[in-house]
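Residue numbers (this note's numbering), protein chains in the order written: chain A, -5 to 245; chain B, -5 to 245.
Please note that a few of the clues may not be correct.
Claimed, not checked - Taking lysine to aspartate or glutamate pairs in the DMTMM-like style, the calculated list, with each CA pair at most 20 Å apart, reads:
hint : chain 1 : residue 1 : chain 2 : residue 2
1    : B       : K205      : A       : E22
2    : A       : K64       : A       : D80
3    : B       : K64       : B       : D40
4    : A       : K64       : A       : E22
5    : A       : K61       : A       : E49
6    : B       : K61       : B       : E22
7    : B       : K205      : B       : D177
8    : A       : K205      : B       : D177
9    : B       : K205      : A       : E211
10   : A       : K205      : B       : E22
11   : B       : K205      : B       : E22
12   : B       : K64       : B       : E89
As the list claims (entries may be wrong) - Here's a subset of chain A near chain B, in silico, CB distances under 10 Å, partners left out:
hint : residue
13   : V25
14   : L28
15   : R63
16   : K64
17   : R75
18   : R90
19   : T95
20   : N107
21   : G122
22   : D150
23   : V164
24   : C186
25   : I187
26   : Q196
27   : N200
28   : L215
To be verified - Restraint-style ranges between C-beta atoms, simulated for each label pair:
hint : chain 1 : residue 1 : chain 2 : residue 2 : range
29   : B       : N114      : A       : P124      : 25 to 33 Å
30   : A       : K61       : B       : P170      : 20 to 28 Å
31   : B       : Y68       : A       : E157      : 43 to 51 Å
32   : B       : S181      : A       : D134      : 39 to 47 Å
33   : A       : D132      : B       : E157      : 33 to 41 Å
34   : B       : G137      : A       : A223      : 32 to 40 Å
35   : B       : P169      : A       : A223      : 51 to 59 Å
36   : B       : P144      : A       : A59       : 25 to 33 Å
37   : B       : E157      : A       : E157      : 49 to 57 Å
38   : B       : T74       : A       : S181      : 38 to 46 Å
39   : B       : K61       : A       : S67       : 26 to 34 Å
40   : A       : G183      : B       : R75       : 41 to 49 Å
Don't read these hints as lab results, they were simulated from the structure.
The beta-carbon is built from N, C-alpha and C at its ideal position, and this holds for glycine as well.
2 protein chains.
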Amino acid sequence: MASQRGEGETTTTPAEPADRERARAIPEAAVARLAVYLRVLSGMADQGVTAVSSEELSQAAGVNAAKLRKDLSYIGSYGTRGVGYDVEVLVSHIERILGLTRNHSVAVVGIGNLGHALANYGGFPGRGFPVTALFDVDEDLVGIPVGGIPVSHIDDITAVCLEREVSIGVIATPPPAAQSVCDRLVSAGVQCILNFAPVVLQVPDNVEVRKVDLAVEMQILSFHVARRADEAAHVSVGNNGLGVDGMVIRP
Amino acid sequence: MASQRGEGETTTTPAEPADRERARAIPEAAVARLAVYLRVLSGMADQGVTAVSSEELSQAAGVNAAKLRKDLSYIGSYGTRGVGYDVEVLVSHIERILGLTRNHSVAVVGIGNLGHALANYGGFPGRGFPVTALFDVDEDLVGIPVGGIPVSHIDDITAVCLEREVSIGVIATPPPAAQSVCDRLVSAGVQCILNFAPVVLQVPDNVEVRKVDLAVEMQILSFHVARRADEAAHVSVGNNGLGVDGMVIRP
DNA sequence: CCGACTTTGTGCATGCGTTCACAAGCGGTA
DNA sequence: TACCGCTTGTGAACGCATGCACAAAGTCGG
Chain A
-5 MASQRGEGET TTTPAEPADR ERARAIPEAA VARLAVYLRV LSGMADQGVT AVSSEELSQA
55 AGVNAAKLRK DLSYIGSYGT RGVGYDVEVL VSHIERILGL TRNHSVAVVG IGNLGHALAN
115 YGGFPGRGFP VTALFDVDED LVGIPVGGIP VSHIDDITAV CLEREVSIGV IATPPPAAQS
175 VCDRLVSAGV QCILNFAPVV LQVPDNVEVR KVDLAVEMQI LSFHVARRAD EAAHVSVGNN
235 GLGVDGMVIR P
Chain B
-5 MASQRGEGET TTTPAEPADR ERARAIPEAA VARLAVYLRV LSGMADQGVT AVSSEELSQA
55 AGVNAAKLRK DLSYIGSYGT RGVGYDVEVL VSHIERILGL TRNHSVAVVG IGNLGHALAN
115 YGGFPGRGFP VTALFDVDED LVGIPVGGIP VSHIDDITAV CLEREVSIGV IATPPPAAQS
175 VCDRLVSAGV QCILNFAPVV LQVPDNVEVR KVDLAVEMQI LSFHVARRAD EAAHVSVGNN
235 GLGVDGMVIR P
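Using the sequences plus the hints, can you model the full thing?
Structure below.
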């Protein structure tokens, strides 16, 4: 209720908090995919595409068409049977569900290689996420602008985060500092954290953490490399019964 | 069979490809967690810890103890009932399963902000992933060393990847170049790709792609921010039945 | 106005992953 | 040696997510 554009909100039971309860019911996995759909749709809109079918969109997003329709059904019925979806309508509804109608101020902590890269992205891809604060322990860095924003000292983190209404904190520090930084962010009222440090963060229940762990990603790939190598070995030694020297063996 | 160290391979049916079939059976989600366990265990080993129980390890890794035991059971039974696990034994077995006994040569394509950061990591966290090749389209960058490795031109990608036996390709280019770069990596024989570009890559079935999408991560966090905000609004406006102006209304 | 065609939205079955709960197994102790 | 307490490993139940298949609902052409 009380949301922007009063469209399909013909709920027969006015006591139902339709939109809000619905948002809570969206599976985590579907949320991640909605973000992907949004990007694909934005690209289509830029190219002047106005309508799209679930089949087309699902292919562009690399998922099953039925799954895509189910994902979209979590946010409401905004398609037209026999036709498809209006690109702009879908974009605006996904943006609404993902909370992209407001800007989310971002703070980056740890201005090393990665911190620099993040700061220079300057308002993250797809925008709506302005980086408004940078922090580091290194006194030499304090005051120097990176990506247009001067670096603050980490001891000022609480004051600065409150002042600039930071809603998302990004941790790009070395591992040993991560938990301490996390604690400070939390006590500064930050409830969402994106963690690049290879550390398992301990946080209170009301704080949401997502981690991006390069080492883990590499090791998962390594696992698959190894698996492939083993399979290949099996195929040549075992499966077809012929070694690489199959025809050398005489009867 | 035929694997390194002939330990617990007392399979009664010698026809079973025990280790290999087992590796295929490990759920994807479990593989990701194994990498986390490995890091935690390595940290413990560095601190002189020699034994650990599933309860301790699971807490350090931030997961359920039963889940941890099940994950470990996928790679074999290397614990001692009533005691726990030997840290070093566990480390070496996880390393073996994840294929970390061999080195995996890494190529980074796109030497912008992110590419610089990745190249300067210099042998990824937890090592075993030496970066051996860097590529960019920009002629001005070619030949300049970044993190100790000179940048090659992207047109040489096939030759260089084959020569240096690159097994993992990292795409850190702008979105429009990603698919083209991906195709070139694939035709150079690279079967594992880590993609930082916000693009859905199309690849043949025999290539494994993992993506790290900052925009998606931010948007998932944004979703949770919005959800929290809605919940908070509900508590004050809906749940308790009193508006903010509850006592202004006269009877 | 009607009928054929297209595409959505979703009930249902299937499979995967998580969690519980407990028997089996091992070390320590008397 | 026999018992006791602790921890692993896993069978079984549960819950979530995926994919199928189809009815509902709309458009378009005649």
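Exercise. When the hints from earlier in the document are held up against this structure, which numbers fail?
Worked result: Checked against the structure, the hints that fail are numbers 3, 8, 15, 16, 17, 22, 35 and 36, while the rest are satisfied.
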